[in-house]
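Knowing the structure of chain A, use the given hints to seat chain B on it.
Protein chains: 2
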Amino acid sequence: MKISEFGGEDALVRLIGEKFAAFPGGELILSVGDDAALIDIGEDLLVVTTDLLVENTHFRLDINEPYLIGWKSAAVNISDVAAMGGRPTYSFVSIGLPDVDIEVAEQIYEGLADANAAFGSAIAGGDTVASQEGIVLNVVQLGLVERGLAVQRTGAKVGDAIVVTNTLGDSLAGLQLLLKLGLVEARRASSHCVEKHLKPEPRVAEARAAATTGKVHAMMDLSDGLAVDLPRLCAASGVGARIWAEALPLSSDIHIAAARLDADPVTLAAAGGEDYELLITCAPENTRVVIDAICSRGSSASVIGETTSDLGVRFIRDGVETEFPKGWEHF
Amino acid sequence: MKISEFGGEDALVRLIGEKFAAFPGGELILSVGDDAALIDIGEDLLVVTTDLLVENTHFRLDINEPYLIGWKSAAVNISDVAAMGGRPTYSFVSIGLPDVDIEVAEQIYEGLADANAAFGSAIAGGDTVASQEGIVLNVVQLGLVERGLAVQRTGAKVGDAIVVTNTLGDSLAGLQLLLKLGLVEARRASSHCVEKHLKPEPRVAEARAAATTGKVHAMMDLSDGLAVDLPRLCAASGVGARIWAEALPLSSDIHIAAARLDADPVTLAAAGGEDYELLITCAPENTRVVIDAICSRGSSASVIGETTSDLGVRFIRDGVETEFPKGWEHF
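Going line by line, the protein sequences match chains A and B. For the first sequence, my numbering assigns the number 70 to the initial residue and increments by one for each residue that follows. For the second sequence, my numbering assigns the number 70 to the initial residue and increments by one for each residue that follows.
These aren't lab readings, by the way, just hints derived from the structure by calculation. Here the structure is a predicted model, which is why all the values come from computation and not from measurement. Ideal placement from N, C-alpha and C gives every residue a C-beta, glycine not left out. Every clue listed holds true.
Derived pair list, reagent style SDA-like, types lysine to any residue, alpha-carbon separation capped at 20 Å: (1) B:K88 - A:V198; (2) B:K71 - A:V173; (3) A:K88 - B:A186; (4) A:K88 - B:V173; (5) B:K88 - A:D183; (6) B:K71 - A:E179.
Covered stretches of chain B (in silico footprint by chain A; criterion: 3 or more residues with CB under 8 Å from a CB of chain A, positions within the stretch not fixed): (7) 77-85; (8) 156-168; (9) 188-194.
Just chain A, same shape as in the assembly:
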């Protein structure tokens, strides 16, 4: 049976988690199934996360400049550390390279090093190998989180407010523009959406500020889009969710991009993908303190719905319950 017939990426991850991964216990506080693993190392918890990028699956050299491939692969891992409430410390970079120009390798590393430096981390090791199958890039990000500050995706309670940072869908709009128009013309159409896709900014300070309030029940980063990640958070917490279409935060740019793409901005925001914004739940009476904490770090935040005792994720648009816009699965 092929992976696609078996149920794709999520089904494979479940299988691996059940059959081969360590169950939490002893020093291992959290393993497969959250943004990152947590390991007890004494005073603090060690946060460990890793992401693998493969040429022509996750990036294409005609769209993605080497510097930005490096930046993004570091940023998405830092985002996972942020989503646990952690601060990034060190990253380890494995790179597989065909016999390309040395400048390509250097620019990738420049992007990696800059993203690390921008968020208080540094490259501390890795592996460099030849690859006959295109560029392959794996980043492992370590971080630390104070024992009382670690936030998982399992803690949402029924009746929680659902909060996201900044705006959703810009990255997906940027990707669609790139695929349709190419790099130069897409940037002209909406440099905001294209930058959001190519150079995401992990919300490290925002996540730590939110966690420090002590009021956050569950948190994760939106890497695969609201339509895919919200059901994951709900399943992990044993709750459902109701999202109000009208409450989804949209940038002014996404309207321009959507017009150019002949797409619906709300659908782009709900499906999303690679937003790298935070998805947070907290008791409704605490939304103000959580949102204020996030805003104190330069981002905006808004309530987009609520968790429910009915399992499943519902999408309410113009007062009518409609199907949740489809996200994307890789296989």
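Just chain B, lined up with the frame of chain A:
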């Protein structure tokens, strides 16, 4: 300039280390340039190492069974932790998969999980993605080492004895048999050499026993072969080396394999590659205690040469100084 013209893998790693990697300082005790990084986390040191394997560069599905691909990729990382004197704790596995049979993915994970379990480690997370470019596998291995026990490759002193564990060259002979004869016939020719190539056994207990003597000056694992790794250890320590061809430990199987390959067993042992044996230096008067410690854990060990104040690595055969047999570089 292409990577191959720039000087290949070693030159690229040097460039990255100089321009982009964190210099040791603060919590970071050791970064790019050894078998693994060392990070101060309180009582013990955290050992971090990572290795990337790419289909058709590092393995081929017609030679390498999925189970053994998993085993080997875990084992080589565990070997790096061992080479620092550490004990492996947790591993994080990133895998990129085309839409293959789910059994292929399962067997790879079985190999990974078995190798982890065999050496006291467990899989604690990772990333699973689609790949349009063949199977890609990155393993990150974490470990712990007591502050006083960590051994680096920088500590060799002039006049040290050079010690290796077990026998050298079997893995290279096994690979050559596989490439020449295919899996079935190669196993018939020498199952020992083929197993040594496909299912290496990291020397965790041996390395810790050696480190515990307190007499080891420098240690690393032989991943790229004596001809490549010994110059690395010498360069890191600022010494040269003289290796006695007649002292290289050879298995009885390598003679059989060499005959079948029309090759010289001593050259196979000196070039080597993927031996995953330990390369150790210590004061000559301490060789007995170091070798005894290794033997107490079920391996053999032998002195193969000495470090010198003359830089460079010399190969003495039949009393004559000859060129060191060539190792392999990837680019």
